[in-house]
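Novice: Please build the complex by placing chain B on the supplied structure of chain A, with the hints as guidance.
Residue strings, one per chain:
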Amino acid sequence: MKVDTTLVKHIAKLGNLTLSEAEIKLYTRQIKSILAYIETLNKVDTANIKPTYQTLDKTTNVWREDKLQPERGLTQKQALSQAKKTYQGYFVADHVFSQSAKKTSTKLDKRRQIDKYNAILTEVNSRGNLGVKDLFCTKNIETTAGSAVLSGYKPQYSATLIEKLEKIGFRIKNKLNQDAWGHGSSGENSDFGPTKNPWDTTRVPGGSSSGSAVAVVTQDVEVATGTDTCGSIRLPSNYTNICGLKPTYGALSRYGVIAFASSLDCPGLFARSVAKLKTVFSQVAGFDPKDPTSQSQARNKAENKKIRTIGLPREFFTQGLNSEIKNLIQAAAKRLEKKGYWIKTVSLPHSAYGIAAYYLIAPTETGSNLGRYDGVRYGQDRSYFGAEAKRRIMLGVFASSAGYSAKYYTKAAKIRTLIIQDFYRAFKQVDVILAPVAPMPPFKIGEKSANPLEMYLADIYAAPASLAGLPSLAIPCGFTKNKLPVGMQLVGPRWSEPSLFELGEEYQKITDWHLQKPKL
Amino acid sequence: MKLQPVIGLEIHVELKTKTGMFCGCSADHFGKAPNTNTCPVCLGLPGALPVPNHQAIDWALMVGLALNCRVNLESTFDRKHYFYPDLPKGYQISQYDDPFCQQGFLTLESGKKIRINRVHLEEDTAKMQHKTVDGKKLTLVDFNRSGVPLVEIVTEPDISSGAEAKEFLKKLRDILRSLAVSDCDMEKGSMRLEPNISWSRSASDLADYKVEIKNLNSFKFAQTGIDYELKRQKAMLDQGKIPVQETRGYNPKLRQTFSQRIKETSADYRYFPDPDIPPIVLSPEYIEALRSKLPKLPEAEVSGLVKDFHLNISTAQLLVKEPLKLAYFNKYSKEVGPKTLANLIVNKKINLDQPPQLKTTSRAIDSKIIDQVIKENADIVAKYKAGKTSVIGFLVGQVMKLTHGQVDPKSVQQELLKRLQVPNLKF
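Chains A and B supply the protein sequences, listed in that same order.
Letter by letter, the first sequence follows residues 1 to 520 of this note's numbering.
Letter by letter, the second sequence follows residues 1001 to 1427 of this note's numbering.
None of these hints come from the bench; they were simulated from the model.
Computed from a predicted model, the values in this text were never measured in an experiment.
For each residue, glycine too, the CB sits at the ideal point set by N, CA and C.
One should not assume that every hint holds.
Using 20 Å as the maximum straight-line C-alpha spacing, the simulated PhoX-like pairs for lysine-lysine come out as follows [stated by the list, open to error]:
id, chain 1, residue 1, chain 2, residue 2
1, A, K154, A, K110
2, B, K1325, B, K1368
3, A, K67, B, K1018
4, A, K84, B, K1016
5, A, K67, B, K1016
Have a look at the derived ranges for each label pair, beta carbon to beta carbon [stated by the list, open to error]:
id, chain 1, residue 1, chain 2, residue 2, range
6, A, P70, B, L1294, 27 to 37 Å
7, B, I1262, A, S81, 16 to 26 Å
8, A, I49, B, S1283, 24 to 34 Å
9, B, K1131, A, T104, 20 to 30 Å
10, A, K13, B, Y1209, 47 to 57 Å
11, A, H10, B, K1401, 43 to 53 Å
12, A, K77, B, D1185, 43 to 53 Å
13, A, E166, B, S1292, 46 to 56 Å
14, B, Q1260, A, N451, 44 to 54 Å
15, A, K13, B, G1031, 55 to 65 Å
16, B, G1031, A, S81, 49 to 59 Å
17, B, A1364, A, P70, 28 to 38 Å
Stretch by stretch, here's where chain A covers chain B in the computed footprint (C-beta under 8 Å, at least three residues) [claimed, not checked]:
id, stretch
18, 1007 to 1020
19, 1042 to 1049
20, 1080 to 1091
Just chain A, same shape as in the assembly (with noise of 0.2 Å):
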């Protein structure tokens, strides 16, 4: 394999993107240095593995019978409000058989700062108690995905998610800033600027639901919605001493949330207590008819499992974990054991591979589902995508096309499979995974957004929950000597909510974490 500029250019034209020379020479670089780093998944024999591409417990045939849903049509009206340019009823593109102009972006309008930390983009209820994470389709109200494309879209439907948080009483105050797309760890790749951290606003909150867990850090909400691809929620809760759930891949619909990448996109709440995320969730959670990926079939069989035995994973304790938080992790454990749970080091060996099977896996389906971006129905047109979503179209591109696909694509795809039955083992031995979620406290904006992989490597502990589509309980767990909030995650089996739920209130009764604020 060669990846030069050549090749490079081609994977644009495939990836429809209009790259400037100097842009082209980046991602050559760029796009080689991830793939020696994705290399290392060929240290791994996964002959006989059989790939996984979605984690549903085998779910199968999900479909509607064939009636009409007038409820759900669009009018002329409706369909065309987003357009740019329209013309007697129809959307107006770019002649087919005429060779288009070359598309520039042009600077929008810049956006006034709402807040000090900038986490809020759009303003919708003063009087409203919910944030609302900008990925989230709202109807009528501005949904940008935090990226420039989307700049002034309004959409004409609303996120199942949303309309059940409404349905039991919470009112949206805020649309709230994040990485484009949720393509980010920091915040720092919002097209609207980065959101600080209110612990040391010279730091970022973690990314990509930034805006959410400052929100509810700073109390201008009760409950904030987030989606977690591969540590989204968890990181910034982490990273600004509040609770956050990733649930179990399927438990809430992804209807009407822009799609990163959509086989691990896990839509999930940011609350300041565990109780007040086990009260919503509870009531927010079930199977959405317009979404055939929620609610497997396996949720009913789940049972409210009381936990025991806790297991740290031997492999997220190594050289690369700040030494800080690997000494909170193992006293919030310790803390655990005196209250009677039992202690025992687990082994999940394929854990290492998952940032680089990660790096395959969710580059490849957004680039496939940021293939809609056209600039005809809604938003600007693709030249307006910022620096890291073109970098991760062009590498999901690349590892999925001809030639490629079975080298990256279908491998991840069975290192996926591997993983999921490294977590089936360990869940043989114990009832629940405490792990680190970060491996470092909060950064200094700007510190790694130099170097992608770096940033990219902030969520290794977060990748194999994310992979193998189970839950994780993101939860205050202590502070650096410099009073930066550190946190932890507990993973359990799918649709083990209820449990995870059970040990993080009962560690919050014991510790007291998560009641510390920032100064404002």
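Specialist: What follows is chain B alone, placed relative to chain A:
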């Protein structure tokens, strides 16, 4: 080495389900005002998700079974990626490695078997129009058709002439109509044909090039288009030139194909399983239950009529081809006598809306006759649409002939004009 004509067919058929392949919008998109039949799913809005239509899956399976295919017990929907304004998501949900049905065949009158490579299910695209507005060339897009269920039937390259292709297509259409899964109306685009043509050593040893003809909207055009293309390619090959790999259009006026798009390399569609849709897993019992629902297929029906009522084969075939006529025959054959009735029907001397009478007295224009004339004179209709409006007189004459002069020619002309104003011309 002797070369022979090698022709394969790709046929797209719109299913007449009530709703879309992955959404609850009406599948009946024809003739509606633009962009009045959409929802977040078929418009490809951010965050929308597809949910497959059970009826469409069953019908695709029945098409496969009727074409003697093997049904895959495990199938997936896959994403096929390319960029075009009529494709709202940047990918089409289709099937790749594991389509619903594979390896079937359809037998021609001669006994020759045309092998079927696959029968799979996918979603239709939007409709485009290309216009100059205020001096600027634009493409206008109407998403009403986006997401309508399409069955794609792909043959092996076993066909060797335009006439064989036409026979295959007619037989296929008869089967699809008897299954009642599609109206196969070429005018409305609910059946679309794409032959690919080359001169090769054999079906298993194909030439390095192949030429695809697109937008053929009648069987007759398919036949003449294929024959023209074979002649054109042969002439080139005889001069030692190799035809280029390309997509060609068909001009019915000139009865010629013309170059549309050169294909430099085979496209890279980056297929992968659609993560939004769980796999479809079928039991052998499920498939057998569908098989038992298959109606008597046309061939069996024809031989039944010949055997039971002593009709001649061509009369029986004409009856079977049109379900309405066949139903009429079955209803009244005892009263009138099968042979007499069959002849009356076949010679169009009977009004199917009434019980059999020897002379029709109705003066209303039967829209079926208008349909029939439009369908049987596709070449004339094409001329009309190409701007030669004087041919309308010929079509009026045809209607008068079929109605035995019992209707008012002026209203016939009006009716015809109304029907021929098809707004969505595809380029």
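Novice: Could you run down the list of hints and mark each one as holding or not?
Specialist: Structure-based check of each hint:
no., hint, result
1, A:K154 / A:K110, "holds, 18 Å"
2, B:K1325 / B:K1368, "holds, 12 Å"
3, A:K67 / B:K1018, "holds, 7 Å"
4, A:K84 / B:K1016, "violated, 34 Å"
5, A:K67 / B:K1016, "holds, 13 Å"
6, A:P70 / B:L1294: 27 to 37 Å, "holds, 32 Å"
7, B:I1262 / A:S81: 16 to 26 Å, "violated, 39 Å"
8, A:I49 / B:S1283: 24 to 34 Å, "holds, 26 Å"
9, B:K1131 / A:T104: 20 to 30 Å, "holds, 26 Å"
10, A:K13 / B:Y1209: 47 to 57 Å, "violated, 23 Å"
11, A:H10 / B:K1401: 43 to 53 Å, "violated, 60 Å"
12, A:K77 / B:D1185: 43 to 53 Å, "violated, 30 Å"
13, A:E166 / B:S1292: 46 to 56 Å, "holds, 48 Å"
14, B:Q1260 / A:N451: 44 to 54 Å, "holds, 47 Å"
15, A:K13 / B:G1031: 55 to 65 Å, "violated, 37 Å"
16, B:G1031 / A:S81: 49 to 59 Å, "violated, 24 Å"
17, B:A1364 / A:P70: 28 to 38 Å, "holds, 34 Å"
18, 1007 to 1020, "holds (count 3)"
19, 1042 to 1049, "holds (count 7)"
20, 1080 to 1091, "holds (count 8)"
The structure fails to meet hints 4, 7, 10, 11, 12, 15, 16 from the earlier list, while all remaining hints are met.
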